[in-house]
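A.B. asks: Listed here are the chains, written in short residue letters.
2 protein chains.
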Amino acid sequence: MSSNSSFERPALEAHSAASRERFEDLLRKFVEIPSVSNDPARKDDIHRMVDLAGSTLIDFGFESRVLKTKGNPILHGRRVVDANAPTVTIYNHLDVQPGGEASDWKTDPFVFTRDGERWYGRGATDDKGPALTALFGARYALDHGAKVNVSFLWELEEEIGSPSFEAAVRAEAGALRTDAVCVSDTIWISRERPACPAGLRGLQGFLLRLETGATDQHSGTTGGAARNPIAELMGVVCACLDPKTGKVKIPGFYEGVIPPTKEEIDGFKKSGFSVAAFKKDHKLKSLRVNDRLEVMKRIWAMPTFEVHGVTGGYTGPQIKTIVPPRGEVKCSVRLVPKQDPKKVLGKIQKFVKKVNPDVEVVPVGSLAAYRGVTTGPWADAVKDSMAFAFGRPPVFVREGGSIGAVLTMEKVLGCPIVFLGLSLPEHGYHAPNENYDWGQARGGMTAFAKFFEQAASMRGR
Amino acid sequence: MSSNSSFERPALEAHSAASRERFEDLLRKFVEIPSVSNDPARKDDIHRMVDLAGSTLIDFGFESRVLKTKGNPILHGRRVVDANAPTVTIYNHLDVQPGGEASDWKTDPFVFTRDGERWYGRGATDDKGPALTALFGARYALDHGAKVNVSFLWELEEEIGSPSFEAAVRAEAGALRTDAVCVSDTIWISRERPACPAGLRGLQGFLLRLETGATDQHSGTTGGAARNPIAELMGVVCACLDPKTGKVKIPGFYEGVIPPTKEEIDGFKKSGFSVAAFKKDHKLKSLRVNDRLEVMKRIWAMPTFEVHGVTGGYTGPQIKTIVPPRGEVKCSVRLVPKQDPKKVLGKIQKFVKKVNPDVEVVPVGSLAAYRGVTTGPWADAVKDSMAFAFGRPPVFVREGGSIGAVLTMEKVLGCPIVFLGLSLPEHGYHAPNENYDWGQARGGMTAFAKFFEQAASMRGR
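Listed in order, the protein sequences are those of chains A and B.
Going by the numbering used here, the first residue of the first sequence is number 1, and it counts up by one from there.
Going by the numbering used here, the first residue of the second sequence is number 462, and it counts up by one from there.
Calculated directly from the structure, the hints in this document are not laboratory data.
Check each hint, because a few of them may be wrong.
[Claimed, not checked] Estimated spans, in silico, between C-beta atoms of each pair:
hint, chain 1, residue 1, chain 2, residue 2, range
1, A, D242, B, A502, 35 to 43 Å
2, A, P357, B, K799, 32 to 40 Å
3, B, P838, A, K244, 38 to 46 Å
4, A, R22, B, P818, 48 to 56 Å
5, B, K811, A, K244, 13 to 21 Å
6, A, A214, B, V527, 27 to 35 Å
7, B, K710, A, E294, 46 to 54 Å
8, A, K244, B, E653, 47 to 55 Å
9, A, P393, B, Q810, 16 to 24 Å
[What the hints assert, rightly or not] Residues on chain A that point at chain B, a partial pick, calculated with CB under 8 Å:
hint, residue
10, A225
11, M234
12, K244
13, K247
The beta carbon of each residue, even a glycine, is placed where N, CA and C say it ideally should be.
When you get a sec, could you build the whole thing from the sequences and use the hints?
C.D. replies: Okay, structure coming up:
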């Protein structure tokens, strides 16, 4: 173990302060490439992102390799310090959500903008800022004698459910051999208290589609006899879901759901979660329920059925009195540990077929839920380094979102997966005005440096 | 009465044939102005349309006056032949529906395209083609001695429910004094059999709106506790409507509906209506019902509840796992004679408030249903002139669509309103690839010339 004064507070703080300008400059370059993975028109930007990420890894003293996949490439950065030292892999993703409605943003989503200690832009917190924070922390640890081999896995399909990740990781399992993976793509519950997920929700996306005609028709001329595909799709959604309570009515949907343990409930209670803050951070006028524990259970530990949008009819100003020829409702269900996405999809398909046999269920992306570990040396290293950097140890909560890569890495690489997330609720994950801030970057660099220092003391295999 | 050989078949046919080039040239100019009334960005085009229509009236030997309104202007064309002669007013509209999805069109909706005897372009049949057809017929009748004063009322807000029409007609009631109005804005049931509506459906448009947040939120982070406004709106629609059968479940909705009389049912049966042709013309894969008479009742004589489109969520490729902050469902109900739009709107608002008090019902346009007259000298003049021009007398059916101006003119001008429509089901009213054809234009010119000749024999007031 390379313990020395370099890993004490004054040195780490000096490093953070000295890194600020370079960090901001790099984050600007990363954010200004619109590496939107769900938009085929952004393929060139994905490749520009790969090039920039690769050259950044090299600038930081790491080898960089592009792992080709059927979809977007994966970056593998690596520095082997000592073949006998333990290896730790940091996972982040460099693809981003679409910008969304420009009018909801105060600034252009793909123009990096600073406002005091806060940086705005799509991908700032999800997940480019945390990726760079970890990189700065790793470089510092290696420069100051930490005997640990460091790998980076930077994916570019996380936002579309990691469809190519498993095959690529399987093909490269030898080169990717590691003693642990640390994922940095999760959100605290409040700035006051670091938090790590002890579980992630899974996801099954699907489109409900119905076509009853070929072109728009005058609703005066055909209305009454013509079927209305959007209305029929609404009927299907309402058969699946009580839209007010959120209760899912698909038979067997809740089968296998494990309620949170007493320990988890204790963690929830200590997490700093506040219903008022949750509403404020997410700009929600009202919720389905208002009880604090019930809200936490619903967002972390219970499955959902969500409608994301509807296409197929008239969407211009006022109304246009047409009967639309087709409709598509964009849906997903979030799943919790022990719910199998494939089985759930089967239940959805069976039920929709019964409710309206003409409606097609098109699966879009699938992620199993994940139940994480909260004890052992790697979990302790995360706890200690977060406590050191941010002044309080993290609580273990659940993450309502889904990271498909986590399950793949656990299964294929066969090692512990821990989480050192740096995003805050007010950073606007997947929302307009996404941002990241210097407080989390500074603390994050320190936490990662400390984490690598501790990793060096683990027994490599 | 100015009966002479000019109103016999050979002269009328020669006139039509000689007019073809000029007609096509004018229709091109009219169609290529995108006078879309529901789009504020098209205001300049509306005014270009007014200018062109005014100069066209003058070219045809009519005075032209622009009636200013709170909205789009109305054109009033007039030629007074003899102060003691009867006056007949032809109503058409020169505003059009939006073009719609360009990909559904074989040609640009606002580029006039000829294919054999058919002309394509938005507004070709609804209602620019019929307007010009009537103009050619009137000019011919006046040129050949018909002692009748002819007025044209060309509206530019028909497609948005004629919001300014009533005030303008009331203000100009003296100048618009007429013995009858002939409306040319309706559709036959099949090319083989002329048809006139004995009634029109009314309309009440409305938007259902719900806002539960301010910006898109990550469905992993907030899903389960956050309300889903689009799903809740779907719940409201499904409370109002059985989407499969089309049955409206709003209490009292069907109050006052008068079923069609035995005579009307007889007219329906003789109309040439065919379920197979209806499906083919409107490109409908399947219908809510398949019985011929039941289909006719549903499209002409029964009210409906239609969903036109949904805005507010994600509408890009695949899915985006957001909880949307707001949603809007664009709806309308078609109404039949004796259903009062105001009362129906009140029932909708009351019911929606009960189902989901947070949902706002925003009224958009309202038109009363109309029950027309089918007997008397003016109805006979239409029957005779259509029989003369097209070889068979028209059947009286119902029109499923709505023309708000009809009720206004009946009420304010206090005269009979008759219908001499020229559109066919295959003309694609409000649909992509809208078209008009020379057969209907040629026959229409003859029918109108004959109608004005007969009008000359009515007693003026």
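A.B. asks: Run every hint past the structure and note whether it holds.
C.D. replies: Comparing the hints with the structure gives:
1. D242/A with A502/B: 35 to 43 Å: At 41 Å between Cβs, range holds.
2. P357/A with K799/B: 32 to 40 Å: holds, 38 Å
3. P838/B with K244/A: 38 to 46 Å: Given range 38 to 46 Å: violated, Cβ gap about 59 Å.
4. R22/A with P818/B: 48 to 56 Å: holds, 54 Å
5. K811/B with K244/A: 13 to 21 Å: holds, 19 Å
6. A214/A with V527/B: 27 to 35 Å: violated, 40 Å
7. K710/B with E294/A: 46 to 54 Å: violated, 32 Å
8. K244/A with E653/B: 47 to 55 Å: holds, 52 Å
9. P393/A with Q810/B: 16 to 24 Å: violated, 55 Å
10. A225: holds, 5 Å
11. M234: Hint on M234/A: holds, closest Cβ of chain B at ~4 Å, below 8 Å.
12. K244: holds, 6 Å
13. K247: Check failed: Cβ of K247/A comes no nearer than 11 Å to chain B, outside 8 Å.
When held up to the earlier numbered hints, the structure conflicts with 3, 6, 7, 9, 13 and fits the remainder.
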